Amino acid sequence: MESLSNKKKQLTVKPLNFLERAYLPAIVSGLAITMKHFFKKPVTIQYPEQKREFSENFRGMHSLKRDENGAERCTACGLCALSCPAEAITMQAAERQKGEENLYREEKYAAVYEINMLRCIFCGLCEEACPKEAIYLDGDIVPSDYLRKDFIYGKDKLVEAPLNQ
Amino acid sequence: MELADIAIKFGLIIIIFLISLVIAMYSTYAERKIAAFFQDRVGPNRAGPWGILQPLADGGKMFLKEEIIPTNATPFLFIVGPSLAILTACIGSAVIPWGQNMVIGGKVIPLQVTDINVGILYIFGVVSLGVYGVMIGGWASNNKYSLLGAIRAASQNISYEISMGLSIIALLLVTGTLSLGEIAQQQHGWHWNVLYQPVGFILFLVCAFAETNRTPFDLPECETELVGGYHTEYSSMKLGFYLFAEYINMFISSAVMATLYFGGYNYPGMDWVAAHVGPIAGPLIGTAVFFAKIFLFIFFFMWVRWTIPRFRYDQLMDLGWKILIPLAIANIVVTGVVITLLN
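Note that the protein sequences, when read in sequence, are chains F and B. In this text, residue positions in the first sequence follow this note's numbering: the first is 19, and each later residue adds one. In this text, residue positions in the second sequence follow this note's numbering: the first is 8, and each later residue adds one.
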């Protein structure tokens, strides 16, 4: 019967000729192929020592930013925690005391700020939600660790290093 | 035999033993590194510079692993298996001529532990004993996969030993002796046996792959079908011994191939070199050449392993019985006819 699409092709299986049946020529050509790869440069990037360049909008570990005077920008408004789809962020707010003006920018600040890096999906919604430009995912890849509790990053790991006076 | 002779022999035995162990150890490293290069990878590179200490780390790991003997296994045979495997692998090197005789202070020191006049038969005997290690280990494990692997190993070794022996017979027609020392001497310069016995060499090579259970004939330890093959139940250094035995076997069969077909310690221009560097350095260079040939063969073993996929078991048997054996017999006949006509 005529095929409708006309794409049908009759294939024939040719019997192998002697050289093909002997198998040795095939082995030799296979050996040649692997030998070609033997001298190829490996594409491996030796990760902890070498790093591939990240793209500009790579989202890595979070950092809590400071302003131009070195005061923490975060006011513990909670919008980041609210926007977080993975519910990875928690915080406790505290009131700024007298004499702490150089530490915290506004009257309220985050006394405790924790991100659970095992929950975080690095979507970047927290940095979009932040009205104070206080949180950015501009860090490195989050390093591995042994215990779950060590993945809950507090302010000690998240806040930017203080400015050098 | 004087005491000095005994001491020399003893020293030679220890050196050869150590060399074969070290080479087996570093074959594991070489295998992983070469495999990596064939697959565009880097390979082990963390333990020491370029991963040089990796075999030591692996060995240490093997020794420290928990020793497990399955409840239903036969404990005695379970331990005998790997012991036998490593034992037979180690004693094969006794008849291999590692170099020409050295003359130090008027004393002739042969670089061969013992030149028995049936050297090849000795090697064959040892190799066929080697399969008992696998067979006993696989059987004593009381595990269907181990048993299947062991049976495969046994039938595969028996089938390929036949064509291996037949390919050797053609070589013996050419050399006229069974002694490995004499065979090596006859190939002085470039009169290598591979030039007279190319078909025999290819047959022997294929059979050597099968005898050492290397890919494409590594069906006894076929992971995709048999979990781990005959050493499925083995752990710790007993597993290490099996793996070690495989690499020593590879080293010994490379040495045998180099001796039988590729001139052993002979190389073109050896007389000129020997006349120029003296009676001690000359044989040592020959030994170095011999080891270079061995390493080339070991490299070839690994090269093939990372190129060719495994055979199916019936294909393996077809190849052994229907192709290699007739070919070996034809090789004997042709060799015999040519020798008769030339004489």
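None of these hints come from the bench; they were simulated from the model. Because the structure is a prediction, the values reported are computed rather than measured. Please note that the accuracy of each hint is not assured.
Said to hold, decoys possible - Examples of chain B residues toward chain F, derived with CB under 8 Å:
| no. | residue |
| --- | --- |
| 1 | Gln192 |
| 2 | Leu303 |
| 3 | Phe306 |
| 4 | Trp310 |
| 5 | Trp313 |
Ideal placement from N, C-alpha and C gives every residue a C-beta, glycine not left out.
Check your understanding: Taking the closest Cβ pair, is tryptophan 313/B under 8 Å from chain F?
Key -> 6 Å, holds
Point to revise | phenylalanine 306/B as chain F interface residue, shortest Cβ-Cβ below 8 Å | key: 10 Å, violated
Check your understanding: Quick one, is the tryptophan 310/B hint okay against chain F at 8 Å, beta carbons?
Key -> Holds: closest Cβ of chain F sits about 6 Å from tryptophan 310/B, inside 8 Å.
Check your understanding: Against chain F, is leucine 303/B within 8 Å by beta-carbon distance?
Key -> 13 Å, violated
Check your understanding: Minimum Cβ distance from glutamine 192/B to chain F below 8 Å?
Key -> Result: violated, 32 Å to nearest chain F Cβ.
Checked against the numbered hints given earlier, this structure breaks hints 1, 2, 3; the rest are met.
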